[in-house]
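Undergrad: Starting from the known structure of chain F, arrange chain Z on it as the hints suggest.
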Amino acid sequence: MTYLDLSAIGLRYGDNVILDGIDLSVEQGEMHVLLGPSGCGKTTLLRSIAGLVQPDRGAIHLAGRAIEMLHPKDRGIGMVFQHYALFPNMTVRQNLAFGLEQRRLVRKVIDEKIDAVLEIVSLQNKADARPRQLSGGQKQRVALARALVLEPSLLLLDEPLSALDAQIRKRLRDELKRIQRRTGLTSILVTHDQDEALSLGDRISVMNNGRITQTASGPEIFYRPADLFVAKFIGNANILTAAEFSRLIGRDFDQTAIIHPHVFKIGKASEGSNLFEVAATVVETVAAGNVVRYVMQANGIMFNVEAQSAMNEECLAAGTGTTLSINPSNGHFLKEN
Amino acid sequence: MTTTRHPALTTTLWFAAILLLLPVLATFLNSIATGWTGGILPSGLSLDAYQTILLDARFQSALLRSTIVAGLALFLACLLIVPAVIAAHFYWPTLDTWMARLVILPYAVPTIILMVGYLRVFSAPPLQLGGQPIVLVLTYVPLCFPMFYINVKNSLQALDTTELFEAGRLLGISDARLLRRVILPSIFPGIALAIVLNFAGLMSEFVYARMLVGGQFETLQMYMFAQRDLSGRLSSVIVTVYFLITLLITFAAFRLVWRTETKS
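Residue numbers (UniProt numbering), protein chains in the order written: chain F, 1 to 337; chain Z, 1 to 264.
No lab work stands behind these hints, which were simulated from the structure alone.
Here the structure is a predicted model, which means the values were calculated and not measured.
Worth double-checking, as some hints may not be accurate.
Here are the simulated distance ranges between beta carbons [as the list claims (entries may be wrong)]:
| no. | chain 1 | residue 1 | chain 2 | residue 2 | range |
| --- | --- | --- | --- | --- | --- |
| 1 | F | Gln28 | Z | Ala87 | 38 to 48 Å |
| 2 | Z | Ala176 | F | Ala63 | 23 to 33 Å |
| 3 | Z | Pro23 | F | Tyr13 | 51 to 61 Å |
| 4 | Z | Phe225 | F | Gln102 | 51 to 61 Å |
| 5 | F | Ile168 | Z | Arg259 | 26 to 36 Å |
| 6 | F | Val286 | Z | Thr97 | 48 to 58 Å |
| 7 | Z | Ala176 | F | Asn16 | 29 to 39 Å |
| 8 | F | Asn16 | Z | Thr97 | 19 to 29 Å |
| 9 | Z | Pro110 | F | Gln102 | 45 to 55 Å |
| 10 | Z | Ala176 | F | Asp165 | 35 to 45 Å |
| 11 | Z | Ala176 | F | Asp23 | 33 to 43 Å |
| 12 | F | Gly76 | Z | Leu247 | 47 to 57 Å |
| 13 | F | Glu27 | Z | Arg177 | 29 to 39 Å |
The C-beta atom is built at its ideal place from N, Cα and C for all residues, glycine as well.
One chain only, chain F, in its complex shape (with noise of 0.2 Å):
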């Protein structure tokens, strides 16, 4: 059952359209991911969500309630802001009881629910520290506690692991999933971090241009973008226009074709096979922990060849000549404009 649904969102400031008429469902307890570059309007209709950003048109219904005309306050919606936006003066603790006050609660329930929320985030032991005395990981575990804490019904979240260094970033990534997991809160995070969506959402929207250009599991859109914006953004996939493809199998060939560059099997192909086999040279070699990145050339197309690389084994070094085989049904193939 959809339990966020986004219909026509529209938003223009001047004659720059931010939002083109969006539309977007989620399902309940659903990690949904916001996914695309610098100004594609990704944090925009986070905000809109919100409800601190007005959007000029369309409608937004959680769990079954129009809320797109409600103060921020009454949409039971929690964020993650990008720098925190921790109160300085506060302490971790008086944080989250900021906007539990509001609520009127006792004082004996405030306290719980903090407790609660801290452990959930594993910040017991900080919850007398000011936010200058937490790491960036910490600050951002509050933030998350801070949202958590007032139960709300969808949690948003604005590119939360972007102001922390990869270390603590992947760490955090692991643990936001697990929290998610935990409490099955229904989560819309925006980034323009591939790696991050990919591992984090159920399902991702790529945006461009205001618009959202595909909806779709991780490895959907990974495997099956719908268009060359999509397969350009996503993964380093070789994008091969007809021609090009052609050129490489020696066939004649109408489509785009996106081969990622695991899909390149170095060796020839089995007898009988339906394998497309390309003689190549090895142009460079990398060798990054388990996997050995090369360029090849092969009638003159150069295109990314990845090979798992094995404690014993050289790998192929520049100059080199060998025999790629390509099964062509791990490719995806676009029509051409």
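TA: Structure of chain Z alone, referenced to chain F:
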């Protein structure tokens, strides 16, 4: 936090600190000396000069006048300037640009021109207050403006106020409440710093006092000016007392800031 030791830097800083403290120490030493001629150190020490100055009713009144005038001016400045800077920052960016330009005014316009202007303003209705102490209070308020503007503005810019207000709105906290409970306490150290710096400036202010209220209202600096021919020792006492008061106010302000930060 870890600190790296840089011997050369430490030495330079100590040298600079001693160099800056030297005149203060020398003034203090002079204020407690019985005589100081022909030697590197005074010939004897005594607190007699302090007794003379501190028990002088004229000094006491001058000190009280300066403190009251500075206090009133700062009170008015806090009441008028701080809300204006905050309001401009949040709601009137155009006004804010003008304020940023006005900061330079008290420094850019020669004091004599300001004086002539003030004398004219306060010599005709509706503000015919010429020579009254209130004139001093009123003219000190704009003098405080740059320091208040810079400190409050810097404190506001250090906060991501847009996100804070938005977070507040989602939590059901009104803008006014957020301003009172979060923004004001967060910028309080900046306001306190502006108060301390302005207080020190106003206590040592001479030109305005001399030109606008003349001899009818003797402030600390005017008292000091009057004593200049009597004895260098007495001047040293006044400077030391003035310095101690400023120091006291500074400590009081920082203590207040510290208490607000740990309590709120």
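Undergrad: Would you pick out the hints that fail for this structure and give their numbers low to high?
TA: As far as the earlier hints go, not one is violated by this structure.
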